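Colleague: Okay, here's what each chain looks like letter by letter:
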Amino acid sequence: MPLLTVSGLYKAYEGVPAVDGVSFSAEPGELLCLLGPSGCGKTTLLRMLAGLDEPDAGTITFEDRSINNLAPQQRGFGLMFQDLALFPHMDVFGNVAFGLRMQKLPAVQVQSRVQELLDLVEMGGYAQRKVHELSGGERQRVALARSLAPAPKLLMLDEPLGSLDRALRESLQSQVRRILKEVGVTSIYVTHDRDEAFTMADKLIFMNRGSIVQTGTPEEVVANPADGFVARTLGFKNILRGVVLDDSEILKIECSVGIIPVAKPPGLETSRGSDLTLLVNESGISMSALQSGKATPDNSLQGVITERVFRGDRYELRVRVGEGELYCHASADAASNSGINLAVILDIDPKSIRFLGGGG
Amino acid sequence: MAAGRLLFLVPLGYLAVFLLYPLGSILARSLGGEAGYGFEPFKVLLSDSYYLGRIWFTVWQAVVSTLLTLAVGLPAAFLFTKYEFPGKTLLKAVSTLPFVMPTIVVAMGFTALFGTQGIVNTALMSSFGLDEPPVRITNSLTIIFMAHAFYNYAIIVRIVSALWSNLDPSMEHSARVLGAGPVRTFYHVTLPLLLPAIISASLLAFVFSFTSFGVVLVLGGPQFATLEVTIYELTAKLFRLPLAGALAVIQLAFTYLFLLLYSRFQEQSVVRVDLKPREVISHRAVRWRDKVFVIGMVMVLLTMLAPLIALVVRWITFDGGFATTQMANLFSDERGSYFHLSPLTIIWNSLRFALITVAISLVIGIIVSYLITNLKRRWRSVADALVMLPLGVSAVTLGFGYIIALGRPPLDLRGSWVILVIAHSLVAYPFVIRSLLPVLKGMNPNLREAAAVLGATPSRVFLLVELPMIAPALLVGATFAFAVSMGEFGASLILVRTEFTTMPVAIFRYLGLPGAANLSMALGMSCLLMAVVAVGFIAIERFRYKGVGGF
Chain D
1 MPLLTVSGLY
11 KAYEGVPAVD
21 GVSFSAEPGE
31 LLCLLGPSGC
41 GKTTLLRMLA
51 GLDEPDAGTI
61 TFEDRSINNL
71 APQQRGFGLM
81 FQDLALFPHM
91 DVFGNVAFGL
101 RMQKLPAVQV
111 QSRVQELLDL
121 VEMGGYAQRK
131 VHELSGGERQ
141 RVALARSLAP
151 APKLLMLDEP
161 LGSLDRALRE
171 SLQSQVRRIL
181 KEVGVTSIYV
191 THDRDEAFTM
201 ADKLIFMNRG
211 SIVQTGTPEE
221 VVANPADGFV
231 ARTLGFKNIL
241 RGVVLDDSEI
251 LKIECSVGII
261 PVAKPPGLET
271 SRGSDLTLLV
281 NESGISMSAL
291 QSGKATPDNS
301 LQGVITERVF
311 RGDRYELRVR
321 VGEGELYCHA
331 SADAASNSGI
341 NLAVILDIDP
351 KSIRFLGGGG
Chain E
1001 MAAGRLLFLV
1011 PLGYLAVFLL
1021 YPLGSILARS
1031 LGGEAGYGFE
1041 PFKVLLSDSY
1051 YLGRIWFTVW
1061 QAVVSTLLTL
1071 AVGLPAAFLF
1081 TKYEFPGKTL
1091 LKAVSTLPFV
1101 MPTIVVAMGF
1111 TALFGTQGIV
1121 NTALMSSFGL
1131 DEPPVRITNS
1141 LTIIFMAHAF
1151 YNYAIIVRIV
1161 SALWSNLDPS
1171 MEHSARVLGA
1181 GPVRTFYHVT
1191 LPLLLPAIIS
1201 ASLLAFVFSF
1211 TSFGVVLVLG
1221 GPQFATLEVT
1231 IYELTAKLFR
1241 LPLAGALAVI
1251 QLAFTYLFLL
1261 LYSRFQEQSV
1271 VRVDLKPREV
1281 ISHRAVRWRD
1291 KVFVIGMVMV
1301 LLTMLAPLIA
1311 LVVRWITFDG
1321 GFATTQMANL
1331 FSDERGSYFH
1341 LSPLTIIWNS
1351 LRFALITVAI
1361 SLVIGIIVSY
1371 LITNLKRRWR
1381 SVADALVMLP
1391 LGVSAVTLGF
1401 GYIIALGRPP
1411 LDLRGSWVIL
1421 VIAHSLVAYP
1431 FVIRSLLPVL
1441 KGMNPNLREA
1451 AAVLGATPSR
1461 VFLLVELPMI
1471 APALLVGATF
1481 AFAVSMGEFG
1491 ASLILVRTEF
1501 TTMPVAIFRY
1511 LGLPGAANLS
1521 MALGMSCLLM
1531 AVVAVGFIAI
1541 ERFRYKGVGG
1551 F
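Top line first, the protein sequences correspond to chains D and E.
For what it's worth, this note's numbering labels the leading residue of the first sequence as 1, then goes sequentially.
For what it's worth, this note's numbering labels the leading residue of the second sequence as 1001, then goes sequentially.
Same shape as in the complex, but just chain D (with noise of 0.2 Å):
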């Protein structure tokens, strides 16, 4: 039995909809990811999980109960600010202690139920610090703390993390989701980061224009992108619209690095001229310079080097292919063969080749 269930949530400003039917569900403890550019509502989606705004249409429901009416201080769940939003007028101890003495708790309570919290995310010595003293981190940490304080049933993170810079980012990460484990509170994490999204999510969704475009844990994403929108977020770059040229066992596709020519998996539905989007992995692409004299082989692409970045284990390659272009890597000792500028030719390796659902 789901502990939150979310059907056909709809929100529109001024007439455009941020929220256009948004249904999924939370399992107790589970953490789930929001993933999605700006603007694409994940911010909204909180707000009225919060009761922050109020839903045109659907229903929020919460331990088998509607609670579309309740208002936010009814609903005993937690939200993380984006910008914090720590109270600047009270210290970390008065920050942490608020939502517990709005519970009423008798002061010894309080007192050791915030030097709990403060422990929890190691800043036990900083109950007397002023908010404006603190680093970006040890605000992080306390927001933190005070949304975990009242033990909501409900915690949501709206891009915690996102004003910090990286190192800080990723060691904060792996702290904050061990602390949700420790608690078991179940939570719903905003990000655009898919790196932090691996990091926290047991489940993620990803989230477009308004609307939930797939849902899955991340194995589960990563092996079945749903469109060349969640590929892009997942950080697939090789992603080609095509036309069917040839429908027979073996499909030809023309897009714009030239013909490709994939086996036709089993229940695909083409024909003759219909659209597809293939995804390509890029370490399925092989490189090889361009023998001058000797002809390029069947299925093959020719291309010239645009651009290379060096990963320290690797290179990445962008090839400039026909129209197109596509991505490939070129191992570490192989600088001489994969100059700018230089003609290649690229072997995609049929395993490496997937087709998504949906548009680019």
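Simulated crosslink set (DSSO-like; lysine-lysine; CA at most 30 Å straight-line):
hint : chain 1 : residue 1 : chain 2 : residue 2
1    : D       : 130       : E       : 1092
2    : D       : 181       : D       : 104
3    : D       : 181       : D       : 130
4    : D       : 351       : D       : 264
5    : D       : 264       : D       : 252
6    : E       : 1082      : E       : 1291
7    : D       : 130       : E       : 1441
8    : E       : 1043      : E       : 1237
9    : D       : 237       : D       : 264
10   : E       : 1441      : E       : 1082
11   : D       : 130       : E       : 1082
12   : D       : 130       : E       : 1088
Derived coverage of chain D by chain E (criterion: at least 3 residues anywhere in the stretch with Cβ under 8 Å from a Cβ of chain E; other residues may be distant):
hint : segment
13   : 77-84
14   : 96-104
Don't read these hints as lab results, they were simulated from the structure.
Bear in mind the structure is a predicted one, so any value in this text is a computation, not a measurement.
Using N, Cα and C, we set each Cβ at its ideal position, and we do this for glycine too.
Starting from the known structure of chain D, arrange chain E on it as the hints suggest.
Modeller: Only chain E this time, still in chain D's reference frame:
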């Protein structure tokens, strides 16, 4: 939520009954003429060269006063923004004093300094053995301009330096790196960015000079009358109410127009409030020409205080004595020198009216500020100008409106002190709004929502999160309201009954009575009034958010 909506009706009802109804009554009366309804009074006004002259005079004296105010205020704003020097905080606090001083005190100060028996003339006469006072600027335009500049320059300093010290210094630095010299940087980068603040501050200074009453009445003498003074004379001396009404309507139209422009420009210069310390852009003067500027400007600002100092000196040394007798007079109960009212009763009147005024202004000010903050952007400046109207309506018009609107059934408040307190609160609450609005507009809305999600009911959100954050601004607003009520002159003069005489009215009456004892009493009362207001404002200086206060 419904209860919250109803709360908004309180100030709206208050403003409707005590602002719009009296102003409406003035309009009705102005159309009422001696012979039935019509535009008769307006025709009289606009065809009489005397009244046209008054209108023209009011406009151009306000323009000249504003220019003079800018001439003092802009360099001072530059000084406070860019330089550090010993005693800066104190000087900044003290420089605000003229603006919060009661007009009657300012007028008394200028008389004490430049009057025929004033300090300047006495000193010159005794040093050079002259028989006649050499400086004769009382009852002249010069002294009116000086008093207006003295009174309003703090507005320019406050508003302009608030924005200036919040300008990101890297903008100026970028211009310099891109090859602009200091002058071109100022002209092309700094000045355009400051312009909204300069214009809105000038408009405010203009409105205050435009509706000036006490200064012109006491210092200007009979030949210089602004619209405000003319309305007072038509009402209180000549009893030509339709004419006074028509004139008040004309004045109202002017002030509303300028206040509307003011809030438009003011909207553009709002500074976001976050409680983190800002980057410091002021520094000590190092080069000699910087030093000359700093020292020179500090001297100018100190000289600006001369009228207030002169007032004290004149009182202490009055009739060659040393304040002891004057002091005794001020606090003695025996000498009922003015209509058998002891000075103590008068002081007590002022104090209790001021305290009640503060309470009313805070309630109205808080609710109206929230109302405006929640309005849609395009309605905001219209509403803002509307609730600021009492600031520009001028107290005499308001008092006059009360006489014709609240002096008859269904609401007959004539002779009650309540009418006085209501008038004071209407003149005072705009100051609460002005100091509260910038803080409310700059407050992060997520704080409220964070508190709500953590389980706080709306009333506890207000008490525990919002109130502590707006408390400093409220304190500033309350002090302004207190000072405004203590110093309110125009409406009091029209509305007051003898037994409820306040300090400014008493000072004016003492001045009208013959004898040294009465002059001494006027001086003493002015000093006391000045002391109360000055202590209040210096005490709250540290609570004023540097850079965001409306004034």
